[in-house]
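With chain A's structure known, arrange chain B on it following the hints.
2 protein chains.
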Amino acid sequence: MEVYLIRHGIAAERNEYTNDEKRPLTDRGKEKTLQVARRLQEIGLHFEIVLTSPLLRASQTAEIFQQANLSPKIETFPALAPGGNIQEWIDWYLQGRYNERENSIALIGHQPDLGNWAELLVTGKIQGKIVLKKAGAIGIRLSKLKNPIGTSQLFLLTSPKWLL
Amino acid sequence: MEVYLIRHGIAAERNEYTNDEKRPLTDRGKEKTLQVARRLQEIGLHFEIVLTSPLLRASQTAEIFQQANLSPKIETFPALAPGGNIQEWIDWYLQGRYNERENSIALIGHQPDLGNWAELLVTGKIQGKIVLKKAGAIGIRLSKLKNPIGTSQLFLLTSPKWLL
Numbered sequence: 110m111e112v113y114l115i116r117h118g119i120a121a122e123r124n125e126y127t128n129d130e131k132r133p134l135t136d137r138g139k140e141k142t143l144q145v146a147r148r149l150q151e152i153g154l155h156f157e158i159v160l161t162s163p164l165l166r167a168s169q170t171a172e173i174f175q176q177a178n179l180s181p182k183i184e185t186f187p188a189l190a191p192g193g194n195i196q197e198w199i200d201w202y203l204q205g206r207y208n209e210r211e212n213s214i215a216l217i218g219h220q221p222d223l224g225n226w227a228e229l230l231v232t233g234k235i236q237g238k239i240v241l242k243k244a245g246a247i248g249i250r251l252s253k254l255k256n257p258i259g260t261s262q263l264f265l266l267t268s269p270k271w272l273l
Numbered sequence: 110m111e112v113y114l115i116r117h118g119i120a121a122e123r124n125e126y127t128n129d130e131k132r133p134l135t136d137r138g139k140e141k142t143l144q145v146a147r148r149l150q151e152i153g154l155h156f157e158i159v160l161t162s163p164l165l166r167a168s169q170t171a172e173i174f175q176q177a178n179l180s181p182k183i184e185t186f187p188a189l190a191p192g193g194n195i196q197e198w199i200d201w202y203l204q205g206r207y208n209e210r211e212n213s214i215a216l217i218g219h220q221p222d223l224g225n226w227a228e229l230l231v232t233g234k235i236q237g238k239i240v241l242k243k244a245g246a247i248g249i250r251l252s253k254l255k256n257p258i259g260t261s262q263l264f265l266l267t268s269p270k271w272l273l
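Here the protein sequences come in this chain order: A and B.
Each number in my numbering comes from the position in the first sequence (counting from 1) with 109 added on.
Each number in my numbering comes from the position in the second sequence (counting from 1) with 109 added on.
Derived by calculation from the structure, the hints in this document are not laboratory data.
Since copy identity is lost for identical chains, a pair holds within one copy or between any two.
As a list, the in silico DSS-like pairs of lysine-lysine whose alpha-carbon atoms are at most 30 Å apart:
#: 1; residue 1: K270; residue 2: K234
#: 2; residue 1: K270; residue 2: K255
#: 3; residue 1: K131; residue 2: K182
#: 4; residue 1: K270; residue 2: K141
#: 5; residue 1: K131; residue 2: K141
#: 6; residue 1: K253; residue 2: K270
#: 7; residue 1: K242; residue 2: K131
#: 8; residue 1: K242; residue 2: K270
#: 9; residue 1: K270; residue 2: K139
#: 10; residue 1: K270; residue 2: K131
#: 11; residue 1: K141; residue 2: K182
#: 12; residue 1: K182; residue 2: K255
#: 13; residue 1: K234; residue 2: K255
#: 14; residue 1: K253; residue 2: K234
#: 15; residue 1: K242; residue 2: K141
The shape of chain A in the complex, shown without the other chains:
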């Protein structure tokens, strides 16, 4: 199974919104995210489900992905908020509904969390070494072993600069 970790697009500045959870994508952020989503769709990606952080800039990114026909289904996943615990996603994954080999799913969230999750899945250890730009993507292939922590492969790390 392939998991794509997607960082939300360019959002309004922090000083413009007292509530960080409500910071929206900017117009440019929406446009660039849509371009990325269309490009991924052209390449042939299709996600059985998109799980998104509850924060506005992430859920807007998820909606843009749905708009580009990348996935029929979006669900809010609280552990994708900043500081969330990957174990909640592992538990979700181990329930088995989406862990067939043919499936792809997308997780939309934030940095440094997504880079840290990727490091945990691939190396078993957070080192903070993965640079993930806004509207960028990490592609991870989960092993057939039960627990994906430290057993997965990294096959993609890209961003709008390299995709568009």
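Showing chain B alone in chain A's frame:
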């Protein structure tokens, strides 16, 4: 400083050439490698130098990069051959001629060596978890610290599928 680790393009089958060092790129391999090189050039990459494995499929890839105006200079670097020791490249790097922050260089070689070198630079440990396709690229930002092993950042892992 940014280092791009580039895997050679699609080469002739092993059973067609008794001497693995002489296996050339196929016509399709040359064409796809040239497309990748042109795309990298359009994105704005420029390498101060390209170091290449002495094997034919790698040196042909390096020549295609030069043909696409990605670099004025190619040098054969024996440690980029399969099984080569990264320490030889670290020694070369620490001589300081190309380790300015503004520089980009490319290393052209083979799998699993390039993935292993990337893991050493980023995590300090070989785990064999990086999937690098033919004519694919890994982008690594070296830290300002003297020794790049285990101190570098990963910002790119891509392949023709995602670039073209």
